[in-house]
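Engineer: Listed below are the residues making up each chain.
Number of protein chains: 2
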Amino acid sequence: MKAIEWMGNTAKILDQTQLPHKEVFLELARYQDMVSAITELKIRGAPAIGVAGGYGAALGALKIKTASISEFQREFHTVCQKLAATRPTAKNLFLALERMENTASKITDIKQAKEILVAEAIKIHNEEIEATRKLSRLGAELIKDGATILTHCNAGPLATTGYGTALGVIIQAKEQGKKIKVFADETRPLLQGARLTTWELKNAGVPVTLITDSMAGYFMSQRKISCVIVGADRITTNGDTANKIGTYSVAVLAKENNIPFYVAAPTTTFDLSLASGELIPIEERKANEVTHFQGVSTAPEGISVANPAFDVTPHRYITAIITEKGILRKPFEEGIRRMLK
Amino acid sequence: MKAIEWMGNTAKILDQTQLPHKEVFLELARYQDMVSAITELKIRGAPAIGVAGGYGAALGALKIKTASISEFQREFHTVCQKLAATRPTAKNLFLALERMENTASKITDIKQAKEILVAEAIKIHNEEIEATRKLSRLGAELIKDGATILTHCNAGPLATTGYGTALGVIIQAKEQGKKIKVFADETRPLLQGARLTTWELKNAGVPVTLITDSMAGYFMSQRKISCVIVGADRITTNGDTANKIGTYSVAVLAKENNIPFYVAAPTTTFDLSLASGELIPIEERKANEVTHFQGVSTAPEGISVANPAFDVTPHRYITAIITEKGILRKPFEEGIRRMLK
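If you read the protein sequences in the order shown, they are chains A and U. If you use our numbering, the first sequence corresponds to residues 1 to 341, in order. If you use our numbering, the second sequence corresponds to residues 1 to 341, in order.
For the record, the hints were derived by calculation from the structure and aren't laboratory data. Remember, it's a predicted structure, so these values are computed and weren't measured experimentally. Here a beta-carbon is modelled for each residue, glycine too, at the ideal position from N, C-alpha and C. Treat the hints loosely; a few may be bogus.
What the hints assert, rightly or not - Label-pair restraints from in silico Cβ distances:
1) U:G326 x A:N257: 27 to 37 Å
2) A:M7 x U:P260: 56 to 66 Å
3) A:S36 x U:N257: 32 to 42 Å
Excised from the complex, chain A in its bound form (with noise of 0.2 Å):
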């Protein structure tokens, strides 16, 4: 079940919002129905928008019709700053298209150019996958025999197109052989851990206990969790971490009950032009996404809504962050500088 696939000149992938209930795929073939695809979530995550973007100006690549260069150049261009302004928050996605105008801005046979672009997107997405197979093998060794996880909204195989950070790395400890169950937070507003995050784990046989938001805080309090783990949107050159809302919530609660809380994410989320979490742009999303669900509404009409999309994790609650280089640890802007290099 691959989040996203390259068939030749086109890019399948399955509609995230229709899951659980329904596995539709759909096949994409102009960039702006992979702009649609990114911005109405239909595939999510901040690996998988990174990878979605590759091909998604691969695609815009195949209808450019003209024999300069330069021409072509301009082109791709606009395709690219098309791709860029679907999601703001998500490093991946900016990273993915930086290195498919680069790989534009080499190209000296326009013969050849459509074809390089192509390959460049499909090797951006190989790296992708193998670098969450690495992270997931390296940070299941932080996850103990009989343990009782923590998740929040989804970072599994749906949301990297390859092993998933967090998910991953419980995928994997289970793999190992280790006793591990999970609690999923339902993960509000689109509901991502009720969704995707159950729905890949049950697929994984990892045993899972799907709660709202609200609760994970009275399971800390409970002693009936080990230990959270998530993935990551952004992450800045001091170790702060942007993530899905409710993730700041959910580090306090854990440092409050002195809850190990990692951060599973390639190194592609890293973002050394900021400094710091509170520079990370937060995407604001339609008031409609809290009022409604699937077209029911839960809300006096007219109500005000606030819908930030992300929130930011400051360092100081992250105990370690997982990436396929290596597992970092405070002070983090030091690892994080030394990896990067």
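Keeping the supplied structure of chain A fixed, place chain U upon it in accordance with the hints.
Structural biologist: This is chain U only, laid out in the frame that chain A set:
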């Protein structure tokens, strides 16, 4: 728009499960109807289910057919037991039923029994209205002009049959001319915040912004919240407070961000028979409240679910407890014992 009203020999309630979209009133003639109404949360909120318990007992009394006082008391005891078995956490319900049974135990003339018990239920209701009126006025002193207040679940007129506790304080502060704003947690799984708190505050002309439970910490970290105020379902001798699931998380986040955390409750919510919060029974409700969102399924079929309806906030997280007899500050135990003497 009264949550409950005594109609002579029936009780009329507003069905809170249908709000905010439908205002449906139900006329209950038998105590069994009140048992169902409380169990199904058609009437909910700790002070309100105390009042509903009293009227439910009165309904039961009206149907008892015997000329024997001891037989009457036996049957009345069964009625009270059934009402007490509806929900385990809120103290107010048990206190109201104890009062009704105590009143029944003193009856010497069977001809007056029903009249006396109806009068006692009405007295419980009137005292509750008066208590919330007083505590709202006292608590409003804690709310500063220009404050932005976070609240969790619903502790307004609907939850109390009177002026409200947390929302009573907020509405009173507004009526004093203070410019205030409210952030309302939606309060999964049953969305009392989204459905009821927004509706009551909108009706009262208080500006309110609806957020998901997972966003409360974010807005605290952004310095957007001046104080938190919530109701309570049971307060033990040391000040530990049971309230809607998620309250503990909000309290921890408030402490972490140096934001005052207030509990507002009438003295009927206190339980001096319990030394501390870990002794409070926590109601576990049905899985489908978590796996469904207003009737729409959000999770894979057959997934495991936990659904504790309440959690306990240890007293160390509480800045002050607002009651009709005064505002308590730490150390709470001394003040609570003195107040309830």
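Engineer: Could you tell me whether the CB distance from U:G326 to A:N257 stays inside 27 to 37 Å?
Structural biologist: Between U:G326 and A:N257, where Cβ atoms are some 33 Å apart, the hint holds.
Engineer: Look at the Cβ atoms of A:S36 and U:N257 and judge whether their distance stays inside 32 to 42 Å.
Structural biologist: 38 Å, holds
Engineer: Could you check the hint for me, namely that A:M7 and U:P260 are 56 to 66 Å apart, CB to CB?
Structural biologist: 58 Å, holds
Of the hints listed earlier, there is not a single one the structure fails to meet.
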